[in-house]
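The residues making up each chain are set out below.
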Amino acid sequence: MTSIEGNPVAGAGQAPTSGLWALAPYPVIVADASGTVVRANPAAALLLREALPGASMADTVPGWLARAHREALTRFAAHAGCTGDLPAPSSGPVGARSFEAHPTPSPGGEIAWWLIDGTDRRVAEQALATERQRTGFLVEASNVLLASLNTERCMAATVRLAAEYLADVAIVVAPPTRGRLPVVHAVAGQSAVAGLIAADPSSLPGLAEALRGFPPLPSRWIDGALLPDWLLPEGFTGTIGSVVVTSLPGHGVPAGALILLRRGDQARFSEDEEIFARLFAARAGAALSAARLYGEQTAITQTLMRELLPPRMQRLNGVDFAGGYRPAEMSERVGGDFYDIHAGPSPDDASLVVLGDVCGKGLDAAVLTGKIRSTLQALTPMVDDHERILNLLNGSLLNSHHARFATMVLASVQRAENEVRLRLTSAGHPTPLIVRLDGTVEEVPTRGTLIGALPRIESHSAQVVLQPGETCLLYTDGFTEARGGPLGNELFGEERLKRVLSHCADMPAEAVVERIQMLASEWLHDGGHDDMALVAISAPRTTHLSAVDGHTRGRYTV
Amino acid sequence: MTVAPVPQDAVPALRDALWAAVTSRDEYRAADVVFDALAQGMAPEAVLLDLLAPLQVRVGAEWAANRLSVTQEHAASAITERVIAALAHHPAVRTAPTLGRVTVACVDQEWHALPARLLAEVLTLRGWRVDFLGAQVPTAHLIAHLHANGADAVALSSSVPTRLPAAHAAITGCQAIGIPVIAGGPAFGDDGRYARLLGADAWAADARGAAEKLAAGIPAPDLAAGHRRIDDLPHLADQEFTFVARSQGDLVKTVLTRLEAAFPAMASYDAHQRERTAEDIAHIVDFLAVALYCDADELFAGFITWTAEILTARHVPAASLRPVLNILATELKDFPRSLRLLGEARRALDAASVPSGTHPGAHA
Chain E
50 MTSIEGNPVA
60 GAGQAPTSGL
70 WALAPYPVIV
80 ADASGTVVRA
90 NPAAALLLRE
100 ALPGASMADT
110 VPGWLARAHR
120 EALTRFAAHA
130 GCTGDLPAPS
140 SGPVGARSFE
150 AHPTPSPGGE
160 IAWWLIDGTD
170 RRVAEQALAT
180 ERQRTGFLVE
190 ASNVLLASLN
200 TERCMAATVR
210 LAAEYLADVA
220 IVVAPPTRGR
230 LPVVHAVAGQ
240 SAVAGLIAAD
250 PSSLPGLAEA
260 LRGFPPLPSR
270 WIDGALLPDW
280 LLPEGFTGTI
290 GSVVVTSLPG
300 HGVPAGALIL
310 LRRGDQARFS
320 EDEEIFARLF
330 AARAGAALSA
340 ARLYGEQTAI
350 TQTLMRELLP
360 PRMQRLNGVD
370 FAGGYRPAEM
380 SERVGGDFYD
390 IHAGPSPDDA
400 SLVVLGDVCG
410 KGLDAAVLTG
420 KIRSTLQALT
430 PMVDDHERIL
440 NLLNGSLLNS
450 HHARFATMVL
460 ASVQRAENEV
470 RLRLTSAGHP
480 TPLIVRLDGT
490 VEEVPTRGTL
500 IGALPRIESH
510 SAQVVLQPGE
520 TCLLYTDGFT
530 EARGGPLGNE
540 LFGEERLKRV
550 LSHCADMPAE
560 AVVERIQMLA
570 SEWLHDGGHD
580 DMALVAISAP
590 RTTHLSAVDG
600 HTRGRYTV
Chain Z
156 MTVAPVPQDA
166 VPALRDALWA
176 AVTSRDEYRA
186 ADVVFDALAQ
196 GMAPEAVLLD
206 LLAPLQVRVG
216 AEWAANRLSV
226 TQEHAASAIT
236 ERVIAALAHH
246 PAVRTAPTLG
256 RVTVACVDQE
266 WHALPARLLA
276 EVLTLRGWRV
286 DFLGAQVPTA
296 HLIAHLHANG
306 ADAVALSSSV
316 PTRLPAAHAA
326 ITGCQAIGIP
336 VIAGGPAFGD
346 DGRYARLLGA
356 DAWAADARGA
366 AEKLAAGIPA
376 PDLAAGHRRI
386 DDLPHLADQE
396 FTFVARSQGD
406 LVKTVLTRLE
416 AAFPAMASYD
426 AHQRERTAED
436 IAHIVDFLAV
446 ALYCDADELF
456 AGFITWTAEI
466 LTARHVPAAS
476 LRPVLNILAT
486 ELKDFPRSLR
496 LLGEARRALD
506 AASVPSGTHP
516 GAHA
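So the protein lines, in turn, are chains E and Z.
50 is the number of the first residue of the first sequence in the numbering used here; add one for each residue after it.
156 is the number of the first residue of the second sequence in the numbering used here; add one for each residue after it.
Don't read these hints as lab results, they were simulated from the structure.
All C-beta atoms, glycine included, are put in the ideal place defined by N, C-alpha and C.
Some clues are possibly wrong.
Stated by the list, open to error - Not close to chain E: a few residues of chain Z, all C-beta gaps over 12 angstroms, as computed:
| hint | residue |
| --- | --- |
| 1 | 171 |
| 2 | 208 |
| 3 | 245 |
| 4 | 279 |
| 5 | 427 |
| 6 | 431 |
| 7 | 460 |
| 8 | 462 |
Unchecked claim - Label pairs and their computed distance ranges (CB to CB):
| hint | chain 1 | residue 1 | chain 2 | residue 2 | range |
| --- | --- | --- | --- | --- | --- |
| 9 | E | 226 | Z | 194 | 43 to 53 angstroms |
| 10 | Z | 282 | E | 349 | 28 to 38 angstroms |
| 11 | Z | 502 | E | 496 | 25 to 35 angstroms |
| 12 | Z | 489 | E | 423 | 53 to 63 angstroms |
| 13 | Z | 194 | E | 398 | 32 to 42 angstroms |
| 14 | E | 349 | Z | 254 | 26 to 36 angstroms |
| 15 | E | 526 | Z | 416 | 30 to 40 angstroms |
As the list claims (entries may be wrong) - Sample of chain Z residues at the chain E side, in silico, Cβ under 8 angstroms:
| hint | residue |
| --- | --- |
| 16 | 226 |
| 17 | 229 |
| 18 | 302 |
| 19 | 373 |
| 20 | 374 |
| 21 | 404 |
| 22 | 407 |
| 23 | 409 |
| 24 | 413 |
| 25 | 414 |
Start from the sequences and build out the full structure, keeping to the hints where you can.
In structure tokens form, the structure reads like this:
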């Protein structure tokens with residue numbers, strides 16, 4: 050200890066003024082067991098002007114240091130003679146700066162306090178903590194915002210995050226639609242509330258500009274007291290002290306504006322905070338515009354798809370119809386297989402059912418099925434002349450720019466008494482099957498040329514009568530060519546299909562479709578497959594004709 | 156309605172009348188029973204859950220006991236569907252939505268749509284806006300629907316445990332876009348243990364329970380945390396599930412070949428009988444795979460004892476299951492979890508004390 054003190058000084062109570070002691074780069078104060086300053090070097094004298102030798106620590110140094118001295122005395126007394134670990138330093142402010150005080154005991158019971166300036170480190174640590182918190186927030190914001198492609202959810206997530214971390218109240222205003230502003234509010238700690246408000250965005254300075262993507266107004270330019278009422282969440286009380294309006298930048302177009310509000314008693318937004326709010330707004334804007342774009346695309350796809358999706362099949366003019374469709378690609382809803390049903394002009398006329406397969410898969414094939422379906426709809430009045438329908442369709446396909454061909458089965462279906470009469474024509478398509486009441490499965494003897502490949506086609510129709518409980522099945526080769534089964538690589542095949550169908554005697558049409566689809570799906574066992582479509586046409590059972598009374602009127606309208 | 160409610164003791168008679176109508180394939184009589192019950196003051200929800208839902212339970216039980224063919228089962232379901240559809244249009248049943256929006260869907264490849272359909276109708280009655288996506292909804296379609304339409308929650312139905320891995324994909328998919336999932340159906344276990352295992356946000360034993368949980372509000376999953384499927388099931392890291400699921404066809408072939416060597420009687424099987432035996436083995440391998448996925452002994456042992464009951468009801472000696480388990484244990488000798496599951500299943504089979512027989516598989 051003595052060596053550090055350098056040259057001996059005149060006596061106790063006098064400040065060291067020369068030698069190494071005086072040159073020490075840190076302030077050093079030595080105090081004795083009674084808490085009286087014994088020595089202080091010049092650096093200490095500059096920092097703590099009143100802590101002169103003889104002065105009391107309690108009166109002349111910051112409280113935290115005086116307290117640390119008392120505690121260190123107790124600890125050193127308890128461990129007298131031990132040369133163990135030095136006690137941990139204490140720290141605290143001295144004026145505007147922050148110091149760490151390291152104690153070293155001397156044998157005489159005095160303690161030397163070495164004061165090290167830690168201000169820069171503390172500032173750096175605080176900055177690091179703030180940055181970590183912000184990075185954590187931005188990561189969370191990205192996780193939350195990128196999760197949803199739904200505009201409403203995205204807007205709600207944006208205000209909820211902003212109200213949690215950035216402000217007391219957060220509001221997202223989307224660009225106006227038909228003169229109204231979609232607005233979502235969130236108050237910190239509460240859930241988001243959405244609304245559609247007829248209001249003028251220019252009633253808040255900076256909002257109209259932000260909605261058009263102009264650079265933001267500095268928040269000090271916006272007076273919280275001038276905030277329009279429509280912007281505040283219902284039931285919000287209190288005054289607004291500080292407002293930030295920032296644009297949510299989208300992909301080329303602004304996705305809306307983010308408004309952050311702080312209550313009057315809270316600190317105003319600093320410039321730093323405004324910059325951070327814009328960083329958040331950039332992420333929220335990107336997520337929102339992706340959601341908006343996805344929404345628009347989905348709406349367009351749904352509109353276009355509506356015409357391509359298979360129609361609902363149900364009872365029509367006393368005949369049960371059911372259809373099932375499974376496209377090849379799991380992510381798509383349409384493909385190259387199709388079916389359709391067109392009612393005749395009156396309930397006494399035959400309905401036209403078609404099931405077919407355009408060569409190819411996916412959307413390209415689906416577009417052609419749409420064309421075939423609308424052509425066939427126009428040809429429905431010729432329901433009695435399949436050959437003519439097929440010839441006209443063939444001509445239309447040959448003249449189109451599509452280089453694809455198609456196979457299909459046409460069926461004219463008409464109920465007569467309890468029976469259902471069918472005229473079936475295959476155009477290069479797998480043979481339709483009939484399951485009789487006793488489980489016998491018959492092939493319908495019709496054949497013909499496929500459509501859209503040759504200038505001349507031939508076809509031979511067949512007539513079939515279904516008794517109640519009997520079903521005619523039209524299907525595409527996706528079923529017979531399904532590969533799988535318990536051993537993994539077998540074809541489903543026509544024989545297996547017939548065997549399955551033979552167990553479907555006397556089943557409702559939709560149950561036949563469901564049963565075959567289910568077995569084929571089990572057969573595939575998650576494996577890949579072609580498009581698969583089927584239609585069941587059944588003559589309904591008529592066990593309940595006795596019940597034609599007032600209560601059950603309208604059941605048999607045939 | 157001003158009419159007095161249907162007394163509780165009238166319900167069994169109504170159920171019997173409905174059962175008679177459905178099994179005799181008389182859809183109109185079935186509709187009559189249901190509309191009469193409504194007219195007599197039975198609440199629409201009670202019609203759905205106390206008349207129509209028990210019907211489905213009975214269909215399943217009768218099929219297991221071999222008193223109902225698969226085709227009759229399909230027909231009964233089709234008729235029930237039609238009756239539910241007719242009921243939904245009844246003036247007494249129409250309800251304006253006042254609550255949030257719920258999507259009801261069956262897991263991919265899940266064909267039993269009726270329980271989900273009943274839930275959808277009950278939720279509609281209780282004032283939810285319901286999107287019913289039907290049977291076997293591919294997860295990609297479910298997620299696309301949720302992106303486009305939003306939902307406060309997804310109710311996911313699965314009755315067959317082999318679809319649990321697909322259910323897991325659907326649950327994590329919904330949660331990844333911030334929508335909570337309530338799971339239901341026999342696949343998730345009678346106490347919902349597999350729903351918990353797969354990280355569903357809620358589980359309900361029946362439609363009423365699901366409606367109550369939804370009304371109480373199911374908290375949305377925490378998106379900030381980021382979640383991966385393997386986090387729920389760390390045992391998947393041993394790749395046993397992946398191996399068994401991927402080599403299913405080969406395993407079935409091996410078991411079939413060895414069975415034929417061990418039981419000369421099988422040589423006389425025709426192609427159809429042989430295929431049925433292969434299907435039974437494929438089912439066993441399927442359940443082994445899903446039990447590996449969930450690391451759940453009772454899933455596989457439960458399936459084996461259930462299969463034994465089904466076989467016995469069809470006069471096929473259930474003792475034939477034992478050699479299949481033995482051969483699988485030989486084939487999977489390097490897979491500790493598979494061996495554990497197979498061992499547990501053999502013990503369960505012994506405990507069930509199934510009468511022994513000589514011919515494996517091949518029920519017609």
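Right, here's what the structure says about each hint:
1. Even its closest Cβ contact with chain E, about 19 angstroms, leaves residue 171 of chain Z beyond 12 angstroms, as expected for a residue assigned away from the interface.
2. The claim that residue 208 of chain Z lies off the interface holds: its Cβ sits roughly 19 angstroms from the closest Cβ of chain E, which is beyond the 12 angstroms cut-off.
3. Non-interface call for residue 245 of chain Z relative to chain E: holds, since the shortest CB-CB distance, roughly 15 angstroms, exceeds 12 angstroms.
4. For residue 279 of chain Z, the condition that its CB be more than 12 angstroms from all CB atoms of chain E holds, with the nearest at approximately 19 angstroms.
5. For residue 427 of chain Z, the requirement that its beta carbon stay farther than 12 angstroms from each beta carbon of chain E is not met, with the minimum near 8 angstroms.
6. Annotated as non-interface, residue 431 of chain Z brings its C-beta within 12 angstroms of a C-beta of chain E; the closest such distance is 9 angstroms.
7. Listed as a non-interface residue, residue 460 of chain Z keeps its Cβ farther than 12 angstroms from every Cβ of chain E; the least gap is roughly 22 angstroms.
8. Separation of residue 462 of chain Z from chain E is adequate, the least Cβ-Cβ distance of about 15 angstroms exceeding the 12 angstroms criterion.
9. A C-beta distance of roughly 47 angstroms is found between residue 226 of chain E and residue 194 of chain Z, which places it inside the suggested range of 43 to 53 angstroms.
10. Separation of residue 282 of chain Z from residue 349 of chain E is about 32 angstroms and conforms to the stated range, judged on CB atoms against 28 to 38 angstroms.
11. Against the hinted window of 25 to 35 angstroms, the Cβ-Cβ separation of residue 502 of chain Z and residue 496 of chain E comes to about 59 angstroms, which falls outside the hint.
12. The beta-carbon spacing between residue 489 of chain Z and residue 423 of chain E, approximately 60 angstroms, falls within the hinted interval of 53 to 63 angstroms.
13. At about 37 angstroms, the CB distance of residue 194 of chain Z to residue 398 of chain E agrees with the hint of 32 to 42 angstroms.
14. Distance hint for residue 349 of chain E and residue 254 of chain Z: a CB-CB separation of about 30 angstroms, consistent with the stated range 26 to 36 angstroms.
15. At roughly 37 angstroms, the beta-carbon separation of residue 526 of chain E and residue 416 of chain Z lies within the given 30 to 40 angstroms, and the hint holds.
16. Residue-level restraint check for residue 226 of chain Z holds (minimum Cβ-Cβ distance to chain E is 5 angstroms; threshold 8 angstroms).
17. Given hint, residue 229 of chain Z at the interface with chain E, holds; its Cβ is 4 angstroms from that chain's nearest Cβ, closer than 8 angstroms.
18. Restraint check, residue 302 of chain Z versus chain E: the minimum CB separation of about 4 angstroms is within 8 angstroms; hint holds.
19. The beta carbon of residue 373 of chain Z is not positioned within 8 angstroms of any beta carbon in chain E (closest approach about 14 angstroms), and the interface hint is therefore violated.
20. Of the supplied interface hints, the one on residue 374 of chain Z is violated, with its beta-carbon coming no nearer than about 11 angstroms to a beta-carbon of chain E, more than 8 angstroms.
21. Interface restraint check: residue 404 of chain Z against chain E, minimum CB-CB distance 2 angstroms, threshold 8 angstroms, status holds.
22. A distance limit of 8 angstroms between C-beta atoms decides the matter here; for residue 407 of chain Z the minimum to chain E is near 5 angstroms, and the interface restraint holds.
23. Taken as an interface hint, residue 409 of chain Z does not check out: its beta carbon lies about 10 angstroms from the nearest beta carbon of chain E, beyond 8 angstroms.
24. Proximity of residue 413 of chain Z to chain E is violated relative to the hint, the smallest CB-CB distance being about 14 angstroms (cut-off 8 angstroms).
25. Contact between residue 414 of chain Z and chain E, as hinted, is not supported at the beta carbon level, the nearest pair being about 13 angstroms apart and thus beyond 8 angstroms.
Hint compliance for this structure: hints 5, 6, 11, 19, 20, 23, 24, 25 are broken, all remaining hints hold.
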